[in-house]
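A.B. asks: Chain by chain, the residues:
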Amino acid sequence: MTVADIVKRAGIARNTFYENFSSKEECFLAAQEFAMSAALERVVEAAGSFDEWPLRVRAGLGAFLGFVVEEPALARTCMVEALSAGPGAVRHYEESQQAFVSLFKLGRDVSPHGPELPATLEEALIGGVFWILYQRLTSSQLDTISELLPQLSEFALTPYLGAEGAREVAAL
Amino acid sequence: MRDSVDQSVDAPEYPPELARLPPGRHGLPREFVAHNQRERLIAGLAEAVAENGYAGTTIAHITRHAAVSRRTFYEHFSSKDECFVAAYDTVMAELSRRVGEAFDQEDEWPQAVRAGIAAMLDFLTAEPHLARLSMVEALVAGPVVVERYDSAIQNLVPYLQAGREGRSAKVLAGLSPTTEEALVGGMVSLISRRIFADRTDELEALLPDLVEFTLTPYLGSSEAAKVARQTK
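Here the protein sequences line up with chains A and B, keeping their order. One rule links them: number in this note's numbering = place in the first sequence (from 1) + 17. One rule links them: number in this note's numbering = place in the second sequence (from 1) + 931.
No lab work stands behind these hints, which were simulated from the structure alone. Just so you know, these numbers come straight off a predicted model, no measurement behind them. Watch out, some of these pointers could steer you wrong.
[To be verified] With a straight-line cut-off of 30 Å between C-alpha atoms, the simulated DSS-like cross-links for lysine-lysine are:
#, chain 1, residue 1, chain 2, residue 2
1, B, Lys1101, B, Lys1157
2, A, Lys41, B, Lys1157
3, B, Lys1157, A, Lys122
My request is simple: use the sequences and hints to build the entire structure.
C.D. replies: Here you go:
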């Protein structure tokens, strides 16, 4: 992809591009930041309408899946293109995963198993969820994403709540 | 027509098992020479990419490291991309072989999973340039490689699916069609992140967490933790 491609798609002049960005990389980073904010806003709003952590996780995951389905181009920017768009983009990608890791880590406080859980658990859970969404995004299977919410919720909540507890929340 | 082999360049990190061919007319069978040259080009690409990154690597870099001529490069590959794909496939074949062998050597599935993950981490730790090639540079080397990368990860799924065998209805009820995919994706993301950050020295330390993470859905957390803490 080149700056020429971008300005053609955007229907703006090349000058205008360079008034706003010094390079294609900078433009990408801005797009990525925009996409990440859009996703995070939805997740925080959805999670915020619940008090209990498991319900917050389910709602947050649901919002994130909704974002991927409704804004696939933005989702691709953050979750697919970011990994091949240079170190700045990769750093942003890590940061976005960190936001979810923080949300999940709160589960240790409400879990009877909290202290025994592996240190990298949240990183792995988020990595797993992202990988599944990445696969669906890159194989154009957007219509299969919403139905994943129960199983992804169960996957994410089981280490903290046990299988039954997780299933109860996932089935809500 | 004479083959012009670049004899003047020394490749200090040259893999020892790929011995230098004598230059010029050596009378060796054409297929042997061709095969050997291909291997040298692949090794040369790996070295060149380690030095310059994928984007910064040129065919001249590759041929210099491989100590073959540009003409020879084009006898084997039509582009840098194609050479990269071959290198990627070579690394992945080796990694798959080691993981498969380690897995197959164990009688019990939990230990087999542990052995497979350990073999993967061992290889990536021992070969940080190849780790970077297959997990970082691969992502910027074009759609053909990215597709192979994605397949390679998905190829790990059957190793975990084998863990469903013989489980109670209760355990099976806790698994979903995407469980193995999520486990594999999570595991690879932990590994990939450290390779991206050039922290391959942290890979071995991931073993207990990775074993516990992948085995817990099948064995429960305390049993999985036990296997995770086993020492070789």
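A.B. asks: When the hints from earlier in the document are held up against this structure, which numbers fail?
C.D. replies: When the structure is compared with the hints, only number 2 turns out to be violated.
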